[in-house]
Amino acid sequence: MEEYLAVDHLARESSLSIAKSLSAFKYFFFLFGIVDIFFSVVQAAFVPITVGEHTSFVFLSVGLLRSRECGFVGLLLFIIGCIFVLLLICNSFLYRYVVLCRPNLTHLYARKRYVAMVVALNSVLILDWGYSVHRTMPATAEFTATFRPTVLNIVQIDIFNTAHFGFNTKDLQRRPLDIIWFSQFVIIMLLVIVTIVYCVFQILETLKRTVISSNARKLHSRMFNLLILQLLNPVVFMYLPCMMSYILVPVNAMNVDYICTLTYSSFAVFPLVNPMIILHYVRDYRVYLLRLLRLDNSTLRHKITARST
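Quick note: the sequence shown, position 108, residue 118 per this note's numbering, numbers continuous.
Heads up, some of the hints might be wrong.
[Said to hold, decoys possible] No more than 30 Å apart at the CA atoms, straight line, and that leaves these computed lysine-lysine pairs for DSS-like: (1) 228 - 36; (2) 228 - 218; (3) 36 - 218; (4) 122 - 36.
By construction, these hints were calculated from the structure, which means they are not laboratory data.
Please build the complete structure, drawing on both the sequences and the hints.
Spelled out as structure tokens, the structure:
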């Protein structure tokens with residue numbers, strides 16, 4: 011009898027822990043929602059595209075607010091948003107890792123001091139990323155004059171009147187200090203990717219060896235799949251298009267118009283995919299949205315009954 015009570019107590023504690031961890035994820039979902047709205051607005055107002063040729067690369071705005079004053083801020087926010095998304099996903103994986111693999115540390119997320127430290131660390135990385143972009147990819151008069159004919163030839167846009175960031179690897183090599191700043195892009199990306207990969211393997215290993223109920227295992231697996239898809243979303247629709255445009259344009263592997271259209275379309279699709287992923291994997295949010303739109307089964311039955319009477 012005592013053993014049964016002990017097992018029942020552990021099951022209740024496990025269910026309570028799962029419920030708390032899921033409720034905490036609402037903050038991550040809220041931030042993802044803010045990110046989706048942010049990218050939708052930036053995409054519509056500034057329409058960022060990428061153009062590359064040989065050793066040069068330029069990131070420019072072709073939207074309504076493409077002027078140097080407004081467009082510069084929009085492009086910088088877009089680039090900062092790219093690292094913010096990756097850091098947000100990394101923190102989601104870290105939280106899931108702590109809940110599953112290190113449950114003795116979950117109390118840290120209830121401490122304001124620890125949360126403030128996490129926010130401060132992420133803020134430093136974001137500000138460092140933004141400053142590195144501003145320092146190593148300035149729209150100098152020399153770069154603009156050199157790259158202007160290329161942009162005119164490829165996308166028929168005069169970058170003298172358009173906000174843009176860009177760099178030339180040959181020019182960058184002549185500025186050792188800027189190379190150090192530029193290397194931070196790679197360092198930050200590698201640290202984030204290594205952290206995510208470590209969390210992925212630890213979570214999978216924990217799910218394999220831990221004895222939990224089938225419902226709890228199903229729930230954890232569902233949340234894990236959600237995180238994987240949230241990671242693939244920016245990789246496929248943001249980072250890969252930038253890399254492809256930088257590689258394909260110089261070698262003429264594809265029509266430039268197609269590449270620019272592909273890049274723009276990918277940037278536009280990104281903020282639309284993430285809400286669909288969350289709604290598919292998180293039932294509570296799906297039910298809430300259906301009720302908000304008055305499309306859930308109970309509301310529909312009520313409407314049908316009202317009409318029939």
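Outcome of the hint check:
Restraint check for residue 228 and residue 36: satisfied, since their Cα atoms lie roughly 19 Å apart, inside the 30 Å limit. For the hint pairing residue 228 with residue 218, the CA-to-CA distance comes to about 12 Å; that is within 30 Å, so the pair holds. For the hint pairing residue 36 with residue 218, the CA-to-CA distance comes to about 26 Å; that is within 30 Å, so the pair holds. Using a Cα cut-off of 30 Å, the hinted pair residue 122 and residue 36 holds, with the two alpha carbons roughly 17 Å apart.
Violated hints for the displayed structure: none, as all numbered hints are satisfied.
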